[in-house]
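There are 6 protein chains.
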Amino acid sequence: MPEERLATVRPVTEQEATGKVAEIYADIRHTKGVDFVPVFWRTLATNPTQLELVWTTLKRLMHPEATGAVSRLDPRTREIIAVAVSATNGCSYCVNSHTAALRKLGLDDETLGEVMAIVGLFNMTNKLAEGYQIQPDVLPPLPETDGA
Amino acid sequence: MPEERLATVRPVTEQEATGKVAEIYADIRHTKGVDFVPVFWRTLATNPTQLELVWTTLKRLMHPEATGAVSRLDPRTREIIAVAVSATNGCSYCVNSHTAALRKLGLDDETLGEVMAIVGLFNMTNKLAEGYQIQPDVLPPLPETDGA
Amino acid sequence: MPEERLATVRPVTEQEATGKVAEIYADIRHTKGVDFVPVFWRTLATNPTQLELVWTTLKRLMHPEATGAVSRLDPRTREIIAVAVSATNGCSYCVNSHTAALRKLGLDDETLGEVMAIVGLFNMTNKLAEGYQIQPDVLPPLPETDGA
Amino acid sequence: MPEERLATVRPVTEQEATGKVAEIYADIRHTKGVDFVPVFWRTLATNPTQLELVWTTLKRLMHPEATGAVSRLDPRTREIIAVAVSATNGCSYCVNSHTAALRKLGLDDETLGEVMAIVGLFNMTNKLAEGYQIQPDVLPPLPETDGA
Amino acid sequence: MPEERLATVRPVTEQEATGKVAEIYADIRHTKGVDFVPVFWRTLATNPTQLELVWTTLKRLMHPEATGAVSRLDPRTREIIAVAVSATNGCSYCVNSHTAALRKLGLDDETLGEVMAIVGLFNMTNKLAEGYQIQPDVLPPLPETDGA
Amino acid sequence: MPEERLATVRPVTEQEATGKVAEIYADIRHTKGVDFVPVFWRTLATNPTQLELVWTTLKRLMHPEATGAVSRLDPRTREIIAVAVSATNGCSYCVNSHTAALRKLGLDDETLGEVMAIVGLFNMTNKLAEGYQIQPDVLPPLPETDGA
Chain A
79 MPEERLATVR PVTEQEATGK VAEIYADIRH TKGVDFVPVF WRTLATNPTQ
129 LELVWTTLKR LMHPEATGAV SRLDPRTREI IAVAVSATNG CSYCVNSHTA
179 ALRKLGLDDE TLGEVMAIVG LFNMTNKLAE GYQIQPDVLP PLPETDGA
Chain B
79 MPEERLATVR PVTEQEATGK VAEIYADIRH TKGVDFVPVF WRTLATNPTQ
129 LELVWTTLKR LMHPEATGAV SRLDPRTREI IAVAVSATNG CSYCVNSHTA
179 ALRKLGLDDE TLGEVMAIVG LFNMTNKLAE GYQIQPDVLP PLPETDGA
Chain C
79 MPEERLATVR PVTEQEATGK VAEIYADIRH TKGVDFVPVF WRTLATNPTQ
129 LELVWTTLKR LMHPEATGAV SRLDPRTREI IAVAVSATNG CSYCVNSHTA
179 ALRKLGLDDE TLGEVMAIVG LFNMTNKLAE GYQIQPDVLP PLPETDGA
Chain D
79 MPEERLATVR PVTEQEATGK VAEIYADIRH TKGVDFVPVF WRTLATNPTQ
129 LELVWTTLKR LMHPEATGAV SRLDPRTREI IAVAVSATNG CSYCVNSHTA
179 ALRKLGLDDE TLGEVMAIVG LFNMTNKLAE GYQIQPDVLP PLPETDGA
Chain E
79 MPEERLATVR PVTEQEATGK VAEIYADIRH TKGVDFVPVF WRTLATNPTQ
129 LELVWTTLKR LMHPEATGAV SRLDPRTREI IAVAVSATNG CSYCVNSHTA
179 ALRKLGLDDE TLGEVMAIVG LFNMTNKLAE GYQIQPDVLP PLPETDGA
Chain F
79 MPEERLATVR PVTEQEATGK VAEIYADIRH TKGVDFVPVF WRTLATNPTQ
129 LELVWTTLKR LMHPEATGAV SRLDPRTREI IAVAVSATNG CSYCVNSHTA
179 ALRKLGLDDE TLGEVMAIVG LFNMTNKLAE GYQIQPDVLP PLPETDGA
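Protein chains in written order, with this note's numbering: chain A, 79 to 226; chain B, 79 to 226; chain C, 79 to 226; chain D, 79 to 226; chain E, 79 to 226; chain F, 79 to 226.
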């Protein structure tokens with residue numbers, strides 16, 4: 079059995095970070111209001127471009143206020159989407175961290191259970207629709223046909 | 079090339095429905111406020127038990143008021159979860175019908191785009207976390223350890 | 079590294095269960111013929127509605143005799159479907175518990191290996207069909223066209 | 079909108095097939111008892127090695143009698159696994175062709191519905207187990223510990 | 079049956095594009111060397127932030143030379159990853175567009191077939207490893223343990 | 079909590095292997111240039127037919143030179159496909175073993191990060207294309223229409 083390890087690469091510690099990576103680490107701590115940089119980000123830092131692209135996208139979408147932008151979704155809804163996607167994909171790291179985020183936002187067991195039950199339901203109906211190859215008959219309205 | 083078809087089985091038409099299936103068809107029309115029974119339900123009706131189990135679950139979770147229950151999530155959030163799961167699974171029928179439901183609830187292109195962008199983002203981060211096998215370091219708090 | 083934990087929420091112990099949850103726990107023990115309630119069900123119990131919906135569906139489909147219903151599939155085939163789906167989704171909890179169920183039903187290594195080989199084969203062919211975007215040319219017969 | 083097409087490559091017609099590909103085409107027709115080679119196989123034939131590897135595996139597992147081998151699973155169970163996996167993966171080509179195969183074996187709507195309901199159920203429970211990150215507590219028995 | 083449609087929203091035509099969206103459309107045409115903006119990008123444009131985030135990431139990773147960056151992977155390898163991921167996810171739009179990109183780069187049927195065969199193989203082995211819950215015994219070397 | 083275990087079945091040790099299984103074990107050690115048989119193969123060996131089918135396919139595709147065949151892809155590209163698929167599927171065993179293989183081939187953190195970033199990107203765009211149900215408009219050229 080292998081020893082416990084954090085990832086398939088050695089994450090970049092906060093002490094080792096320099097330049098662009100150090101700047102992003104500081105931005106993560108500040109934007110998320112945490113006092114350490116989660117191992118997810120320290121793993122991406124093994125390729126600084128990757129770290130920058132993913133952080134820029136996540137910061138803009140999940141912390142819009144930090145970029146001067148306005149979201150049409152409240153923080154709880156955004157984190158619920160994160161948990162719904164992560165549960166559907168079975169991502170252990172992401173389920174844990176986004177459930178933690180929902181807890182910080184005050185979500186209780188009862189409401190989390192409702193989220194999960196709905197996630198489970200649509201995973202069931204999705205596979206039924208695919209398993210029978212059911213063709214769409216309820217379509218969203220379009221304002222007008224695209225001429226392209 | 080095959081002729082156009084609705085599913086791998088012949089869906090049960092509203093005219094053909096009798097007994098339990100006819101009752102559920104009426105309940106679907108009434109609960110959803112639609113004037114036809116979508117082909118998804120008419121396909122499940124080829125096995126009435128299946129129709130009943132799935133409709134009971136969906137009605138309770140997505141139309142709680144129709145069962146006398148109270149949801150801690152608003153209808154828009156519930157449909158956003160449906161779209162997030164269906165997009166992640168790539169289910170054509172479900173993406174179409176739940177986007178249609180979100181339209182009925184007044185969701186505009188801009189907000190749908192934000193939902194989709196977040197769905198896309200977490201599909202990306204989920205696969206990065208898995209692709210590096212990153213071990214969870216941010217965990218949701220537990221009130222106390224389970225003694226089981 | 080985090081301490082060992084059972085789930086992202088604290089499961090409801092058998093001692094804590096009351097009312098509807100206690101009734102379902104008793105039904106699970108009785109229906110499954112086990113002397114403890116598996117942590118899967120105790121986790122769902124953090125939202126009793128979720129526990130009830132999922133247990134009702136699973137009991138009806140996997141323990142039909144306990145509901146007075148008759149299945150057209152034998153127990154072994156039903157558990158083989160459970161393992162095939164769980165392997166395809168990569169669900170650790172479910173692969174373990176349904177492999178255990180197949181063992182109880184007397185399935186040996188050789189037969190489990192045949193199930194797995196077929197699961198693996200169709201995961202391969204599914205992705206080849208999708209990777210080449212091959213259009214269906216072998217379709218199941220329909221008794222007659224749906225007029226809807 | 080693009081014209082209708084069979085795949086992202088041009089499948090090898092039966093007239094064009096020569097050598098190894100022609101031999102495998104003949105074996106497919108004979109083993110499956112069909113009078114044409116389905117487009118799936120004709121697409122794989124654009125790389126003859128691929129055709130050979132996939133056909134050898136599928137023939138051995140799904141038509142064992144044609145290779146002189148004995149299966150511990152009956153043909154219906156093997157095709158049920160194929161449909162369960164294909165529904166879970168949402169593979170249109172495969173859902174269609176394996177539902178057709180189940181029809182040939184005499185499976186009726188009611189039984190197909192039971193298969194689908196169970197496939198849907200375990201897609202739901204799989205995602206609940208992952209969405210809560212529930213740790214396995216029901217494990218299959220092992221005869222003895224591996225000393226490796 | 080519904081009329082043919084391009085997406086669940088009406089894509090933004092090139093004529094309608096203004097401001098930031100028009101700029102990105104021009105950049106897409108220029109960077110990709112195409113004389114129209116594919117409907118994928120015109121759909122994302124219904125939320126301009128989404129368009130910008132996704133295009134910035136894709137341009138940096140798939141057209142690094144256009145951003146003054148250097149890739150350690152050649153264009154063919156990058157597109158092979160795109161096709162491998164898209165086939166595994168069963169994404170019709172993406173399989174088509176990235177197979178087209180590989181054709182432009184000169185990839186022939188034989189080599190595409192080798193890519194697909196390997197994609198199919200690892201989808202098979204992935205599910206076998208998950209279906210048996212095999213624990214990792216071959217781990218990538220780490221330079222030293224992370225002290226975090 | 080369960081004791082540590084290698085798989086849901088007891089893998090066949092090298093000492094126990096006889097006949098066909100022993101031959102394949104020897105071939106694995108020789109072809110891969112390793113001094114032990116990884117637990118993946120020893121697990122498949124619980125059904126010798128499964129072991130033979132999977133090893134024959136993997137050997138032909140990933141070690142073509144050992145079968146006298148020629149690959150149009152270099153070993154690094156082949157392993158990159160393995161990692162891309164395994165990351166997309168979230169297979170822990172496979173991500174670890176194929177990242178190890180890429181390390182042996184000299185891939186550094188920076189390049190692995192580029193592979194991962196591209197894998198993440200296309201998981202994002204795949205789900206956007208599906209989430210909007212975008213219809214293909216960029217198709218690979220076909221030499222001529224199939225007359226079938």
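Hints in this document: simulated from the structure, not taken from any laboratory. Be aware that a few hints might be false.
When chains are identical, the list treats them as one kind, so a pair holds in a single copy or across two.
Claimed, not checked - Lysine to any residue pairs mimicking SDA-like chemistry, simulated, CA-CA at most 20 Å apart:
no., residue 1, residue 2
1, Lys98, Asp215
2, Lys182, Gln93
3, Lys137, Glu94
4, Lys182, Thr127
5, Lys182, Glu94
6, Lys137, Gln93
7, Lys110, Glu82
8, Lys182, Pro126
9, Lys137, Arg83
10, Lys98, Arg138
11, Lys137, Pro126
12, Lys98, Thr189
13, Lys182, Glu130
14, Lys98, Ala147
15, Lys98, Gln213
16, Lys182, Leu220
17, Lys182, Pro221
18, Lys98, Thr145
19, Lys182, Thr96
20, Lys110, Lys182
21, Lys137, Ala178
22, Lys98, Arg83
Right, here's what the structure says about each hint:
{"no.": "1", "hint": "Lys98 to Asp215", "result": "neither (50 Å within a copy, 23 Å between copies)"}
{"no.": "2", "hint": "Lys182 to Gln93", "result": "neither (28 Å within a copy, 28 Å between copies)"}
{"no.": "3", "hint": "Lys137 to Glu94", "result": "neither (23 Å within a copy, 29 Å between copies)"}
{"no.": "4", "hint": "Lys182 to Thr127", "result": "neither (30 Å within a copy, 24 Å between copies)"}
{"no.": "5", "hint": "Lys182 to Glu94", "result": "neither (30 Å within a copy, 25 Å between copies)"}
{"no.": "6", "hint": "Lys137 to Gln93", "result": "neither (23 Å within a copy, 31 Å between copies)"}
{"no.": "7", "hint": "Lys110 to Glu82", "result": "neither (27 Å within a copy, 26 Å between copies)"}
{"no.": "8", "hint": "Lys182 to Pro126", "result": "neither (29 Å within a copy, 23 Å between copies)"}
{"no.": "9", "hint": "Lys137 to Arg83", "result": "neither (27 Å within a copy, 30 Å between copies)"}
{"no.": "10", "hint": "Lys98 to Arg138", "result": "both (18 Å within a copy, 16 Å between copies)"}
{"no.": "11", "hint": "Lys137 to Pro126", "result": "both (16 Å within a copy, 16 Å between copies)"}
{"no.": "12", "hint": "Lys98 to Thr189", "result": "between (39 Å within a copy, 18 Å between copies)"}
{"no.": "13", "hint": "Lys182 to Glu130", "result": "neither (26 Å within a copy, 28 Å between copies)"}
{"no.": "14", "hint": "Lys98 to Ala147", "result": "between (23 Å within a copy, 15 Å between copies)"}
{"no.": "15", "hint": "Lys98 to Gln213", "result": "neither (49 Å within a copy, 24 Å between copies)"}
{"no.": "16", "hint": "Lys182 to Leu220", "result": "between (39 Å within a copy, 12 Å between copies)"}
{"no.": "17", "hint": "Lys182 to Pro221", "result": "between (40 Å within a copy, 14 Å between copies)"}
{"no.": "18", "hint": "Lys98 to Thr145", "result": "both (18 Å within a copy, 17 Å between copies)"}
{"no.": "19", "hint": "Lys182 to Thr96", "result": "neither (30 Å within a copy, 28 Å between copies)"}
{"no.": "20", "hint": "Lys110 to Lys182", "result": "within (12 Å within a copy, 35 Å between copies)"}
{"no.": "21", "hint": "Lys137 to Ala178", "result": "within (17 Å within a copy, 29 Å between copies)"}
{"no.": "22", "hint": "Lys98 to Arg83", "result": "neither (26 Å within a copy, 36 Å between copies)"}
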